[in-house]
Each structure stands twice: as structure tokens, then as C-alpha cells.
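Peer 1: Line by line, the protein sequences are chains A and B.
Heads up, the first sequence is in my numbering, so the first residue is 1 and it goes up one at a time.
Heads up, the second sequence is in my numbering, so the first residue is 1 and it goes up one at a time.
Don't take every hint at face value.
Note that the list lumps identical chains together, so a pair holds whenever it fits in one copy or between two copies.
[What the hints assert, rightly or not] Here are the simulated DSSO-like pairs of lysine-lysine, each with C-alpha atoms no more than 27 Å apart in a straight line:
| no. | residue 1 | residue 2 |
| --- | --- | --- |
| 1 | K97 | K296 |
| 2 | K163 | K97 |
| 3 | K163 | K296 |
| 4 | K28 | K163 |
| 5 | K28 | K296 |
| 6 | K28 | K97 |
For the record, the hints were derived by calculation from the structure and aren't laboratory data.
Number of protein chains: 2
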Amino acid sequence: MAVYTDISDQELAELLADYDLGAAVSFKGVAEGVENSNFLLETEAGRYFLTVYERRVRPEDLPFFLGLMRWLAEHGYPCARPVADRAGRELQIVRGKPCAIVEFLPGLSVRRPSVAHCRAAGAGLARLHLAAAGFPQARANDLGEAAWAPLFADLRDAAERLKPGLAAVVEADLATITADWPQDLPAGIIHADYFPDNVFFQAGAFAGAIDFYFACNDALAYDIAIALNAWCFEPDGSFNVTSARALVAGYETVRPLSDPERAALPVLAHGAAMRFFLTRLNDWGATPAGALVRPKDPLEYERKLAVHRAAPDLVLFGAPG
Amino acid sequence: MAVYTDISDQELAELLADYDLGAAVSFKGVAEGVENSNFLLETEAGRYFLTVYERRVRPEDLPFFLGLMRWLAEHGYPCARPVADRAGRELQIVRGKPCAIVEFLPGLSVRRPSVAHCRAAGAGLARLHLAAAGFPQARANDLGEAAWAPLFADLRDAAERLKPGLAAVVEADLATITADWPQDLPAGIIHADYFPDNVFFQAGAFAGAIDFYFACNDALAYDIAIALNAWCFEPDGSFNVTSARALVAGYETVRPLSDPERAALPVLAHGAAMRFFLTRLNDWGATPAGALVRPKDPLEYERKLAVHRAAPDLVLFGAPG
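One chain only, chain A, in its complex shape (with noise of 0.2 Å):
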């Protein structure tokens, strides 16, 4: 949670000048996001998020992030539009660095998700993939499970350090998963990064996803297995079965299941927490000591591959395998 990148006054007023929103009446920078600079910003014409997309993002993938935010909001989804300016823009340069308005969406996320919360989340993930169907752009997952083995190729020294003899745990672990990855479930945009910071509540209700910046085309599933890791486990490391089942429940309220896809589920799950762990392995050794943004703990991530690994069925809420 940081603020990268110092916007003047200024510099705001520049930016401003080539909208239609009148002049800023407030704007202050929000800890909100790892990857971007976020800035709440208000003018005389309402409000508004201003980011400036960081390192992380590649510029040539912005007009697919952007694009695909105003189509969701067009297709009645709710997440913040992209504001263009006079000429149409809706990307612009602040200080050297890509940035966009886009408009406020309100809600709050929750830190310890009920299963109630979890129920709403599904429904709130399968409405954004029936709302991005039939959008043009597409975008190659470029995090998704071939992405894997060649990444951990660079981590095993990192692994070991992590835990001595967690290396060749994770490459069974791959192994595994590559066996039994399926090939041709439904696929579409997914979020990529459905975790319960990116969702907003408003009285209980789902109200919107926010930070799209890992969307991306893969199996429809598979956002749903990233949802089971993110929102389904207790602060002591177990899986809560009855969220899960209400999570799933919740999506097949607005978009069913076919039973290869619920089948895949076990799989699918063992590969969202190999994505997390591996992304997150990489970050925790390249972060300096020192540094203003402490990396999320790889840790967490590795006892949930132990946990699909030692009971995959779980995922299927219990069921006898």
C-alpha cells in the first residue's frame, strides 16, 4: 500500500485541462493497490480515481485493462469506468509514467469474508464473466499454468531457502499438475486477481470489482479455483469447506457449472495456490531489505499447495474423491 508517484498540483491542473470535469476540488493519494499509485480525485463534475500505472504494468496492455473496464460497465457490470478526455483519450502521461481517470466506485471490502460474503463474491465473479463475454480484445495469460515450471526453473534455490527440501515437493507438485491440467473447459476473460481487497460490499451486497490489471482469457474455472484460495481459508491455514460451497453456490446461481468443470476443481484450485506461491516466492526474493513495500509472505501460499496436495477433494466441499 503506497503512493509511488507525487502528483502536483500542478501537474494535476495540466491533466485536468484536457477533460470535461471543471477544475479539482480535492485529491489526495490512497493506500490503496501494491502495483499503481492511486489518487482519489474530486472536481467540480463529481468523482473520481486517478492511477498511474507503475513498473509492474506493461503500457501496451492498458488499452485491453481499460477497454475491458468500460465494456463491463457498458454490459451493466458494476466497476469503474474509464473517463475519456475531449479527444476521446482515456490513457494519458503523468510525469513520464501512463495514467487514467476512471470513475469512483463506492463499497467497501471486507478483511474476513463470512460465508455469506463468500456466496455474494461467486455470484459477483460469474456476472463479470457472463458481462465480459463477447468482449473483442483478448489477452494471453501470462502468469497461467505453462508460465510455471520455467518460473520456478529461477526459484528453486529460493525454495530451499524457504524450507529445506521444498523444491522437490513443488516440482512433484508441477508435475501434478501439468498431468492433470484440462484442456478445453469454457473460457473467457477472467479477473485473474479475484482476492477480497479487489470486491466491494455495500450493506452485505456485492457492489463491484475493482483493480482488473490481471485480467486476462483463460478458463472460466480457474478464476473460480483463485477465488477458493483467496477467500476460503481460515487465518489458521484450513480450508472452510462451507464458504467454498457457498462461493461455488453463488456462482451457479448466475453461471452453472458443467461437470468437466467441476471436476477440474481439485486441479484447478492446486494450480491457483502454485501461481500465488510461485509469484509471490519471486517478489520475497527480489524485494531488497529495506525496501518501502514488504512482499506478501510466500509462506501462506505454501501451505495451501500442501493442502490440495494432501486432500484435493476438498475443494469439492468434502465429497468422497
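With chain A held as given, fit chain B onto it using these hints.
Peer 2: Just chain B now, with coordinates in the frame of chain A:
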């Protein structure tokens, strides 16, 4: 700029249950203020700021600060008015720390104040001095002139590490300041931290002040001296006499200075530079390497000290001494 205390949606709901503000609609940590944690809070009733007071603020001083903000708002001064809960309490506890909800104050601070901003800021400071008159509480300035020599006694080594030979120079400054320090100037409530980031503008006009957590009783002209140091130095370290003249002239449109106040400005400005030099030097030495907040550079105020030492008449706008 940081959020030190993390408030969950559940903790926020429990806090709001005591107020007549409805439920939370949006809640975002903001990168504003280095001493406390600040959150922009929208509820069904409107927009507010939640401040969680961290270690620097003494809890016993909070009734003074909140009482002053309420008094100022009730006396026509644009500042954030504290909001009381149904039991009339402005001060609450969250995560074991004191906190308060205040009304949202629109406006933007300026990075590089123009001469016109300095004039408006001066008038805004005089308005504050007049609006605070009659406020029934008092707080001694624990960072006032009497505190500087004792504070420096512990910082001699730090000064020498910063710049060899500096300790003797600062000691001579302290002797001059003590000898010349005025005793009977008009006194009252001062802001004591009237820096550009604590002053809001809208469309170029003064829109209010924030961050009253150094406010105390002292000579009113000393507050001007703090502002002259904070607003009227150029990035290259030179003192902008035009900005200074505008700041004082703006002040005098609201509250004309007496002859003794005007005559005291050079030593007050020298002293104000000393106060910020000493506290920055203290923070600089006390902050461990790799801390999340970078201390402000004491050398900025060391250079300001040197300007006042060499040419005290500068703050009298270049008039011959």
C-alpha cells in the same frame, strides 16, 4: 505518508454504530499526514475523515486539539469540524488507539506556492488567530523557544555528524536567539505547523487549514515566522522577499501587526528555523535505516538557519537593518 493502523470493515462498523452517520459506503486509507493514520470515510450521511492518533500525539492533548477544531469551525474558520457520537463523545478508541471522525474539508494544497498563494495563506493565518480568540483551553508550546537549548544538548553529536563544525554554529545561534527573543508580543492560539501541505486552496483562494496537532499558545507573530520559513524559500535555498512581503501583507489585511511584532520578525524567523532544524535533526538520528517513513532532511532547515544568521533583515523584506 503512511497508514500505520489498519482498520477492518468490522471494526469500522462497530465504531460507526455509536454515531448517527449511517453505514459506511466507502473507506480508504489516505497518504496524508506523517504523524497519524488517516482514512477518507463516506457514510450514508456524507463524507468524513477518520484519524487514528499514533505515538507522536499525547492522548491528554487530544481534547485541546479537537476542542480547538470545533471552536474554529463554530467561529467561521474553514477547518474540519469533529463529529460527536450519540453520547456526545468526539474521541473514540479503535485497535487500542485514540481516534476521531471529523467532517471532510475540500481543497488542495499547493506544492510550489505562488506569491498570490502566499498572500492568501497569510490572510488565512490571521483569520485563524482571530477566530481562535476566546477559545477557553490552553496548551503550552512544548517545542517553543525555552525547549530548544535543552533539545540541542542531546543533539550536538548528531549536528557534528551532519556537518562538522555545525554544533558551535548552532550554539551561537541559540545564544543570539535567546538574547533577542521578544517577551511581550500579543499571544494566543497558534497553528505552529502552518506549512503548504496543511493549507487548502480552491480556485486559488484560501479554503482552510488542517492538521492542528501542534497547535498551542505562543506569540501570534511566531506563527507568521514559521510560515515565512515554510512558504517563502525557493527550492534553491534562496529567500523570496516578494513572497514574504505578500504573506505578511495578506496577514495584515485581516490583523495588522504592531511595531514590536514587526520588529521581532527577524529573530522569530531565526527561531522558527531553529525549531524545525532541531526536530528534524532529532528525527533523522532516531529513524532506523529501512524504516517505512523517511525522515525530513534536517539540512533544509540548516540552510534556512544560515540565511537568517547572515541576513536577519531579509524577513523585513530587504529593508536596511
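Peer 1: Evaluate each hint against the coordinates.
Peer 2: Evaluation of the provided hints:
| no. | hint | in the structure |
| --- | --- | --- |
| 1 | K97 x K296 | both (25 Å within a copy, 26 Å between copies) |
| 2 | K163 x K97 | neither (38 Å within a copy, 37 Å between copies) |
| 3 | K163 x K296 | within (16 Å within a copy, 39 Å between copies) |
| 4 | K28 x K163 | neither (41 Å within a copy, 36 Å between copies) |
| 5 | K28 x K296 | both (25 Å within a copy, 20 Å between copies) |
| 6 | K28 x K97 | both (18 Å within a copy, 24 Å between copies) |
This entry does not satisfy hints 2 and 4, going by the numbered hints stated previously.
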